[in-house]
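*Asks:* Using the sequences provided together with the hints, build the complete structure.
As they're listed, the protein sequences go chains A and B. First residue of the first sequence? That's 1 in the working numbering, and the numbers climb one at a time after it. First residue of the second sequence? That's 488 in the working numbering, and the numbers climb one at a time after it.
I should point out that these hints are in silico values taken from the structure, not numbers from a laboratory. Check the hints yourself; a few may be wrong.
Derived pair list, reagent style EDC-like, types lysine to aspartate or glutamate, alpha-carbon separation capped at 20 Å [said to hold, decoys possible]:
hint	chain 1	residue 1	chain 2	residue 2
1	A	Lys-6	A	Asp-42
2	A	Lys-6	A	Glu-16
3	A	Lys-202	B	Asp-595
4	A	Lys-259	B	Asp-595
5	A	Lys-202	B	Asp-545
6	A	Lys-147	B	Asp-545
7	B	Lys-579	B	Asp-545
8	A	Lys-446	A	Asp-461
9	A	Lys-446	A	Asp-145
10	B	Lys-591	A	Asp-145
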Amino acid sequence: MQIKTKKISDYLWELEKTGDMLVPGRIYADEETFGQLLKDVDAKKGGGFTPALMQVANVACLPGIQKASLAMADIHPGYGFAIGGVAAFDIDTGVISVAGVGFDINCGVRVLTTPLDKKAIEPKKEQLANQLFRDVPSGVGSTGDIKLGEREIDELLVIGSRFVIDRGYGLPEDLEYTEENGCMEGADPKSVSHRAKERQYKQVGTLGSGNHYLEVQWVEEIYDDEAAAVYGLRRGQIVIAIHCGSRALGHQIGTDYLKTLEEASRKYGIPIRDRELVCAPVKSPEGRRYLSAVYAGMNSAFANRQAISHLARGSFARVMGIKPADVKLLYDVAHNTCKIETHEIDGVKKQLLIHRKGATRAFGPGREEVPARYRGVGQPLLVGGTMGTASYILRGTQKGMADCFGSAVHGAGRAMSRVQSSRQWSGSVLIKELGEQGIVIKSGSKSGVAEEAPGAYKDVDRVVEIMHRAGVNQKVARLRPLVCIKG
Amino acid sequence: MSYSYIEHISDIGIHAEGETLAAAFESGVEAVLGVMFVLDTVDESVKVAIQAGAREIDLLFVEVINEVLSMQGRDGLALKRLETRGLEETDKGFIFTGIAHGEKLNLDKHEVRTEVKGATYSGLRYYKGEGGRHCLECILDV
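*Replies:* And the structure:
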């Protein structure tokens with residue numbers, strides 16, 4: 001399939017509707033980053049893996065897609081869908097795809113605020129890092145203190161965060177500040193395999209590995225005083241950021257349904273341009289089961305981040321002498337999901353199945369799903385950077401609701417492969433260099449640190465600036481890391 | 488074992504090959520386990536039965552890798568290698584049976600690297616390479 005491109009604005013580009021595309025593609029990018037995406041398409045003309053722009057075009061060919069196949073500014077190649085991809089489907093005629101969610105269902109970020117300032121943390125930074133590293137299980141094969149059997153897992157899959165809060169892992173008000181209140185209605189444990197549940201028996205309250213982290217950060221810059229005040233943020237303040245997902249349970253759901261949807265694609269004769277995009281009609285038995293399993297996986301991830309929050313509160317209480325309740329949940333956002341949401345298309349409100357693959361929900365002011373306290377300024381968006389650069393807190397806008405189904409970037413986006421990153425950097429050297437910059441890194445895997453080198457990622461400032469200037473997300477605060485616990 | 492890693496911006500790709508299809512499967516699984524652990528630090532004291540089936544050989548490759556990862560996660564193991572016991576074609580497709588060797592995961596002993604979430608259909612292909620060698624490739628979600 002040939003692609004034809006058109007510049008819509010300095011920060012938005014279109015793949016015109018050609019060939020089998022049912023809708024155009026729309027990509028948030030500046031001139032240079034879009035140029036690079038085009039170069040990637042040219043470079044792969046002789047074969048190889050599907051470039052991100054082609055993935056956007058392939059998704060635009062899926063039945064029932066609405067308005068546009070979208071990609072946020074952190075776009076890079078994923079499997080099937082580009083990472084940073086957002087696609088909305090009609091409930092009656094559309095499809096649901098494993099590739100549109102990813103294997104780490106409801107990988108997401110939460111940020112907790114503390115009453116502490118940077119200068120209070122500095123003298124105890126190393127001690128705090130060691131305490132967090134001891135208290136929060138991380139890395140390959142790590143297990144948590146919460147040991148569950150199948151009956152308890154079933155309950156957790158249905159009620160999400162509340163399951164661990166009821167067991168003392170958090171505060172009831174945390175639920176209000178979690179996307180979907182930490183619970184997707186409609187999760188059916190019967191749609192999740194016994195194997196997936198078994199793999200989760202000991203993993204609740206664990207970070208995992210790869211790009212997952214727990215960071216102690218400080219607020220370096222405030223861009224929007226009103227929103228920052230509403231979110232409870234001020235310059236110099238210490239916050240805690242947690243990035244992780246549904247662990248092995250989510251991975252197993254992905255694995256199980258990849259096979260189910262591969263068979264469903266053939267059964268229903270769905271025209272897919274790439275085998276990675278295996279999918280089922282939303283309303284088919286397979287599609288309904290998968291959506292229910294995704295909801296269960298999302299609930300597991302909400303509970304996981306909730307349990308880790310409790311552990312981090314304990315670490316702060318022990319080292320910094322503050323009360324756990326002084327550490328308040330600002331918000332928790334999911335970024336590998338598909339769920340049914342109501343959006344306006346051509347002036348008509350419609351229920352749609354929204355896939356966000358490495359993209360965050362970003363509802364603007366006034367939406368009832370946004371906590372009452374934040375509703376006047378819009379939902380907080382938590383954008384994870386790298387252990388050496390910065391993270392951001394943004395807010396959703398009305399323009400974002402109208403243009404991209406209320407969606408946002410989820411991080412910086414990788415610019416370099418893990419293999420290349422490992423060749424270029426040594427984990428030990430990186431830890432030393434970041435230490436010299438005042439950032440304490442704790443990890444059980446030096447090679448994991450090398451793969452996650454800050455230089456292996458795109459410039460998060462630029463990615464965020466694109467979304468800000470496009471008007472679909474607005475900058476509120478910039479955060480810098482002080483301590484990073486890596487899986 | 489004959490395998491290599493393929494550059495992929497988000498994840499990690501594997502290329503595995505062998506004189507026989509079974510050898511290519513074994514190489515592929517070792518490549519995956521090598522993403523997770525420094526394999527020299529893992530001994531063999533535990534055996535796990537692996538069984539998987541699929542309509543086509545490339546799909547079977549994904550199924551076998553995911554079954555190995557799944558059993559490893561379920562039982563809290565660090566696996567080191569896969570041994571093929573049977574790889575046959577039936578009316579309904581291909582069936583793989585084998586044994587994965589390794590030991591209980593011990594974070595004091597095993598040097599861990601990065602968790603593999605699963606094998607995907609991305610970059611998935613089976614072909615005959617030079618000298619008729621069986622080649623398998625796919626991208627892992629890490």
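*Asks:* Take the hints in turn and mark each one as holding or not.
*Replies:* Cross-check of the supplied hints:
As the CA atoms of Lys-6/A and Asp-42/A are separated by approximately 17 Å, the hinted pair is consistent with the 20 Å bound. Distance hint between Lys-6/A and Glu-16/A is fulfilled; the C-alpha atoms sit about 7 Å from each other, no more than 20 Å. For the suggested pair Lys-202/A and Asp-595/B, the alpha carbons sit about 19 Å apart, so the restraint of at most 20 Å is met. Restraint check for Lys-259/A and Asp-595/B: not satisfied, since their Cα atoms lie roughly 36 Å apart, outside the 20 Å limit.
Proposed proximity of Lys-202/A and Asp-545/B is contradicted: the alpha carbons are some 32 Å apart, above 20 Å. The hinted pair formed by Lys-147/A and Asp-545/B fails the criterion: a straight-line CA distance of about 37 Å is larger than 20 Å. Proximity of Lys-579/B to Asp-545/B is assessed by CA-CA distance (about 15 Å); at most 20 Å being required, the pair is judged to hold. For the given pair, Lys-446/A sits about 26 Å from Asp-461/A by alpha-carbon distance, which is inconsistent with the 20 Å threshold.
Simply put, Lys-446/A and Asp-145/A have alpha-carbon atoms about 25 Å apart, too far for the 20 Å limit, and the pair is violated. For the hint linking Lys-591/B to Asp-145/A, the alpha-carbon distance of about 19 Å falls within 20 Å, and the restraint holds.
Of the numbered hints stated above, those contradicted by the structure are hints 4, 5, 6, 8, 9, listed in ascending order.
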